[in-house]
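**Student:** Here is how the chains run, residue by residue.
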Amino acid sequence: MYLADSKRLHLQDGPIDLIVEAQGSESNVRAAYDAAVRRFTGLLDELCEELPLLRQAADPARCLLQGTVARRMHEAVAPFAVDHFITPMAAVAGAVAEEILGAMLHKAQLERAYVNNGGDIALHLADGERFTVGLADRPDAPGLMRTMIIHADDPARGVATSGRHGRSFSLGIADAVTVLARTASQADAAATIIANAVDLPGHPAILRCPAHDLQPDSDLGARLVTRGVGELSGCEVEDALEAGADSARKLLAAGLIDGAALRLHGEMITVAARALEMPGSETAVQSAMESAMHA
Amino acid sequence: MLTDTTTAADDKIRCDACPVMCYIKPGAAGACDRYANHNGELVRVDPHIVLERTVSHGGRLVPFQAGGDWDGKIVKEPDVFVTAIGAGTTYPDYKPAPFIVSSVIDGVDMVTVVTEGIFSYCGVKVKIDTDRYLGPEAATVRAQGEAIGHVTTGEYGSQMLSLGGVHHLTGGSKKEGRVTCDALMDLSNCKPVELTIDGGATLVVQAGYPPIVNGVAEERMRVGCGSATIGMFAKQWHGKVDEVVVVDDHITGVLSEHQAGKLLDIPDTGIKMKGRRSTPGRYFQVAEPGTGWGGTKISDPLSVLGPFDPKKSRPGMTMLMVSTTGEHAAYYELDESLKPIEKPMPADLRHSVERIQENCEPALCTVLFMGGAGGSLRAGVTDNPVRLTRSVKDALTRVTSGGAPVYVWPGGGITFMVDVTRLPAGAFGYVPTPALVAPIEFTLRLSDYAALGGHMDYVRPLASLKDNTEIRQMPSQPSAPGQRA
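Protein chains in written order, with the working numbering: chain A, 1070 to 1364; chain B, 65 to 549.
The hints are simulated quantities; they were obtained by calculation from the structure and are not laboratory data.
C-beta atoms are modelled at their ideal positions from N, C-alpha and C, and glycine is treated no differently.
Keep in mind that a hint or two might mislead.
What the hints assert, rightly or not - Computed spacing ranges between beta-carbons, pair by pair: (1) B:Asn103 <-> A:Glu1305: 37 to 43 Å; (2) A:Glu1300 <-> B:Val450: 31 to 37 Å; (3) B:Gly209 <-> A:Ala1274: 46 to 52 Å; (4) A:Glu1311 <-> B:Tyr87: 35 to 41 Å; (5) A:Asp1103 <-> B:Gly235: 55 to 61 Å; (6) B:His231 <-> A:Arg1107: 54 to 60 Å; (7) B:Gly91 <-> A:Glu1115: 29 to 35 Å; (8) B:Pro426 <-> A:Glu1311: 57 to 63 Å; (9) A:Arg1292 <-> B:Pro90: 19 to 25 Å; (10) B:Pro90 <-> A:Glu1115: 41 to 47 Å; (11) A:Glu1095 <-> B:Thr485: 47 to 53 Å; (12) A:Val1151 <-> B:His231: 49 to 55 Å; (13) A:Asp1308 <-> B:Gly218: 51 to 57 Å.
Put together the whole structure using the sequences plus the hints.
**Tutor:** Listed below in structure tokens is the structure:
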């Protein structure tokens, strides 16, 4: 099904909700969309066949999964599985986006394309092209947009956001952590890890609840997920963000991500090898604390 | 660390809408956020309500008229109105995804469609159909001990509360703001809320339901004031009883003295009322206000009477005393010492009391949500927010809330009121700011939208919403089989 502008394709199956756009010659765009639809058909069933294994903690050393998307999910989370509890499900959205984009590029020559799976995005940029990605400081406060530009010569082809307002649970308190990485599945997994690290363990204003009390079959089991965050002082917000930034810097140094923007209670901190290009912001200084006005 | 204790009973269901086959607890949604367990039943919960679909499923309609004169049809073919409820602040995720790439506008690949407004400036006006005394005017109204509003001016047959507002939401303590936000959201979502009034009653208020005052559910709204009741029923009482007193905290009526009685040549009875006589047969302040007879605090109606005048009264004279709702009534006969003695009520008088009850409308609580659309919300609709305001004032843009008609206040800003019972269930949400999230739709001609700087690139034709992949139903309706792409 196409969206109103007849340019974007909307694919939905169960919890998967994709917005797809390809740019190029008309025949290439058509071929790309045909390929996207073909690959999408049955993809959810394919994943569900291995769902029990996908919901178990990933083994960093070996992968028993069969499906290509499932294996990609495992591959994306495996680097984190040594130090953290993480299941392949942490990368499902990004891995699906990547799979569909891959199917499109296999069949068509495109100038630009993206597959947006509910905020986890796989990008394609031909030489000289670029994408402008808009981000909201808070998902519930419209009109506060920043933008980031991703050029073809940047390494990042994946963007993902994780936080406690999303559809999946977070162990941390970040409103949103947005990550740029080589692939969407890597970005997805890393965003989960960094968002979990934005935390103030034991803080009395943070309401937590075992995940399986909310969703009986959650892959997080009895782990306490964040349900509410009360009043935090400026210092506490800074501490929580710094804990997340510390995790992000390690992932950056390990080459697992290309950049991250962490947001909590209107404060934002960015971590990147070079300053993220943010034309909307005058002082996009790396690792700088920025305050966002709340209208 | 706090632990959420809102764990429900273990009657989870298994969703079969897609192969993920989620187990869903009561009150929770599956991984997709589209299907939920509503009292053990699997329902779709992404409630963009397409009217045609609602009609075909026998759902309740929210009247909406886009323009022109009403032609008498319930649904003005081919009008279909899509509400903002559950739309979230960005498309396409139902819980907004902060990152979205889409087609280019002014060099930015972004989508922002603001359709649920965040209202820091909001409150509810509550009308409670009761004559019972709820508390003094301007008294503080509390929920969970926190001040969330006040008693405002009394209206016909009703006590009025004004709750919320930016002062209670943001001007007090953190807890005051949170409790206010919770109470406003529950009231707006037609849930019951217990309120206490300083120096007054404890009540349970729920939009569309009778108020419960100090544990007693109010049944009826008064048929009229005591004096009006005399006027309405004088003819029916004539010849069946010598005297009637309609006990009312505001204006108590006395048949024999009242103009209505005089016109029927009803003789004096020598009755002596307490209180302040306003005009013949009409008395103010016969007793203190309260939750007894007719909004007074009395339980014995004789306490509003003085001794009968022996010059005009006679033993055996009959008297009916009744409240303005007919809820309380008693029949008396004067004994040899002219003392009223309660007797079983004759059938024809009992019939007149039943007639008073029958003519009373059911007592209800009604809740109007009132909110002001601020700059950021308007900016989501147009690049030039003030033009939206002007457009609303010029009646080029129709404002609705969850599809329900609103009253837009004259003057600056877009401040509107809406009857919360006309919105579908669960239409209101909140953010911890604290502020309420309410649906608001701006409907206008496409050409006008372009003229006021609208985000034209993001305008979708209705057909794209009517496609079966995006049909969204009322949460209360049974689910249709999930259509998969």
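**Student:** Now tell me if each hint is right for this structure.
**Tutor:** Okay, the hints, checked on the actual structure:
no., hint, result
1, B:Asn103 <-> A:Glu1305: 37 to 43 Å, "holds, 40 Å"
2, A:Glu1300 <-> B:Val450: 31 to 37 Å, "holds, 34 Å"
3, B:Gly209 <-> A:Ala1274: 46 to 52 Å, "violated, 20 Å"
4, A:Glu1311 <-> B:Tyr87: 35 to 41 Å, "holds, 38 Å"
5, A:Asp1103 <-> B:Gly235: 55 to 61 Å, "holds, 58 Å"
6, B:His231 <-> A:Arg1107: 54 to 60 Å, "holds, 59 Å"
7, B:Gly91 <-> A:Glu1115: 29 to 35 Å, "holds, 31 Å"
8, B:Pro426 <-> A:Glu1311: 57 to 63 Å, "holds, 59 Å"
9, A:Arg1292 <-> B:Pro90: 19 to 25 Å, "holds, 22 Å"
10, B:Pro90 <-> A:Glu1115: 41 to 47 Å, "violated, 31 Å"
11, A:Glu1095 <-> B:Thr485: 47 to 53 Å, "holds, 51 Å"
12, A:Val1151 <-> B:His231: 49 to 55 Å, "holds, 53 Å"
13, A:Asp1308 <-> B:Gly218: 51 to 57 Å, "holds, 52 Å"
In this structure, the earlier hints numbered 3 and 10 are contradicted, and the remaining ones agree with it.
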